[in-house]
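Please construct the entire structure, taking both the sequences and the accompanying hints into account.
Top line first, the protein sequences correspond to chains S and G.
Using the numbering used here, read the first sequence as starting at 1181 and increasing by one per residue.
Using the numbering used here, read the second sequence as starting at 1181 and increasing by one per residue.
The reader is advised that the hints may include incorrect statements.
Copies of the same chain look alike in the list, so a pair counts if it fits in one copy or across any two.
What the hints assert, rightly or not - List time: in silico DMTMM-like cross-link candidates among lysine to aspartate or glutamate, alpha-carbon distance up to 20 Å:
| id | residue 1 | residue 2 |
| --- | --- | --- |
| 1 | Lys1367 | Glu1433 |
| 2 | Lys1343 | Glu1412 |
| 3 | Lys1318 | Asp1427 |
| 4 | Lys1198 | Glu1278 |
| 5 | Lys1328 | Asp1225 |
| 6 | Lys1266 | Glu1228 |
| 7 | Lys1318 | Asp1183 |
| 8 | Lys1266 | Asp1225 |
| 9 | Lys1328 | Glu1228 |
| 10 | Lys1198 | Glu1277 |
| 11 | Lys1416 | Asp1488 |
| 12 | Lys1416 | Glu1433 |
| 13 | Lys1198 | Asp1209 |
| 14 | Lys1198 | Glu1286 |
No wet-lab data here; the hints were simulated from the structure.
Protein chains: 2
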Amino acid sequence: MKDEIRMAHGSGGSVMSKLISGLFMTHFDNPWLNENSDSAVFGIDGSELAMTTDSFVVDPLFFPGGDIGKLAVCGTLNDLAVAGAKPLYMSAAFILEEGLPLNILEQVVISMARQLKLSGVYVVTGDTKVVNRGKCDKLFINTTGIGKIEERFRHVHTARNVKAGDRLIINGTIGDHGIAVLLAREKFSFRSSVQSDCADLYPMISGVLQLFPGIAFMRDATRGGLATLLHELSMKTGFGIIIDEADLPLKPEVRGITEMLGLDPLYIANEGKAVMAVPYEFADNVLRALKKYPEGKDAAIIGKISPDFRDVILETNSGGRRILDHLSGDLLPRIC
Amino acid sequence: MKDEIRMAHGSGGSVMSKLISGLFMTHFDNPWLNENSDSAVFGIDGSELAMTTDSFVVDPLFFPGGDIGKLAVCGTLNDLAVAGAKPLYMSAAFILEEGLPLNILEQVVISMARQLKLSGVYVVTGDTKVVNRGKCDKLFINTTGIGKIEERFRHVHTARNVKAGDRLIINGTIGDHGIAVLLAREKFSFRSSVQSDCADLYPMISGVLQLFPGIAFMRDATRGGLATLLHELSMKTGFGIIIDEADLPLKPEVRGITEMLGLDPLYIANEGKAVMAVPYEFADNVLRALKKYPEGKDAAIIGKISPDFRDVILETNSGGRRILDHLSGDLLPRIC
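Given below as structure tokens:
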């Protein structure tokens, strides 16, 4: 194989991890980047700040439940929220293709503005570049966000407080976003009502974190899906993880479509799902607190941290055990 | 004309200004964005921070004097520096085209790392997206930077201290970057030694600002060139500007090439040039201080702020006067 960029380099899986550790982390080497979290956390004058960046290249631009603009805002808010940060300010940089209808751009900007207003966050600086027709695909957006972390939440973006026996909680159904985008992009012969779960998780996450500052770890399960997140958590902590298939929240329609298409929902992207590692003693209380929020109504305890091995194990409905491998290809490109 | 994105929407000129004010500033409306500076300035816990974002889509990726990686780092450093900020942390987000040779990406990353090390700044968080072949052009980079502003430099990114009689100083020759990129991209029959002026201006700018905190205004002259910067300054202040053609630093080779190609160097991009508005009383001292730095050796006083009219006027070598209009088309697309 030639040494060139493949779609898998953007999948969130093992090929991407190798690119990031072998290239970016090797050359940019510094303690903040090496933390390998979705947000960097640093202090300026005694304030702890979180910073996160994402470019959005989703195809199509509009899909049931969202669009590239809402996605760009929520994606950045969520990366800050799971770092224990309160999102404050955001940049927005647009790469536009010559010939893009202005009303498409306007719809995207209005969608961003609506979400920003709902979330109480501001786009304070921006950039606009235009490339010739055929040199990008309609429009790409980069959003970079800055938030502020309370000292007592400083640990949640690292995994250092995670210990054997901690329960793993997710705030709802998996795979909705990836399937919604896939169905909007491809021409299938069936109809579906699957909507992206794209949402700002900050209100829920900060509400629950205020009540339970002892939550050990949080991360949102985006590219690469829940399985990829669990893999990273296992790698970071050195602990194994056991997940029970029967406990995984999954919409019947998403289950049906993934079975029909031969996809595994555990590897499908979400845009409104976070996983928390919570000490056993108050896992049920965190679950109850999550369920009070619309984004947490289908929350569930899906598994636990295990000291016994270093894999991610799925206990299947049929009573077997399956190792959830690190994603190596790219199931669904350009879903964010 | 159809309402669609044209190359001119990315030019830095009047078409881009209309897009920014009519669309982005209308919908994202907030005091930080409305300041319309290259960096947003906001306070967190009493610290004044500056934040700036830029996507880089330069074609070709490598050109005499620089490459997209060095450009991305320096561009962000300079936007922070001219806001009176000390650059601290940066994000780097890559959009990669399937099929991009990995060694090209590696060269770019190494170039970024080299500049970051020289500048003492860290890429603390990043993102990697891959799009299918033909859906972007090799690679695009977004860099977003955070810096800290000393209270006494809080005014330089606004133009509020600018007054009639202030002298305008530039730190060297104009048009070098745009011409270097143009020559690297197009196949011309002549050879040239023109190099991009791409450079980190922070050491020079902070050095001079420490000595002369009374400098009224600074901005770097990138897309749209010196003329576009002067236009924006005139619009912001309500003052006219008079520039003397004889005083404009211009490399003979750049002069020759722009004459031959019918381009106006006043509208050609720079990537290592800042303009300062300085009270008359110490303009000569600032000039002398600038000249001590390699990036300032060709610095010159090029004109002044005038109370008499609201245009940007060029006093030509032939003794005439010419109004420098706001750039309306796009002379040289994708130069940054």
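Here's how the hints hold up against the structure:
1. Lys1367 to Glu1433: Classified as within: same-chain Cα gap 17 Å, cross-chain 56 Å, threshold 20 Å.
2. Lys1343 to Glu1412: within (15 Å within a copy, 57 Å between copies)
3. Lys1318 to Asp1427: Cα proximity of Lys1318 and Asp1427: none, with 40 Å in one copy and 43 Å across.
4. Lys1198 to Glu1278: between (34 Å within a copy, 16 Å between copies)
5. Lys1328 to Asp1225: both (12 Å within a copy, 9 Å between copies)
6. Lys1266 to Glu1228: both (11 Å within a copy, 18 Å between copies)
7. Lys1318 to Asp1183: between (28 Å within a copy, 14 Å between copies)
8. Lys1266 to Asp1225: Both, since 18 Å and 13 Å are each at most 20 Å.
9. Lys1328 to Glu1228: both (6 Å within a copy, 14 Å between copies)
10. Lys1198 to Glu1277: between (31 Å within a copy, 17 Å between copies)
11. Lys1416 to Asp1488: Result: close within a single copy only, 15 Å intra versus 66 Å inter.
12. Lys1416 to Glu1433: neither (33 Å within a copy, 56 Å between copies)
13. Lys1198 to Asp1209: within (15 Å within a copy, 41 Å between copies)
14. Lys1198 to Glu1286: Between copies only: 13 Å across chains, 38 Å inside a chain, cut-off 20 Å.
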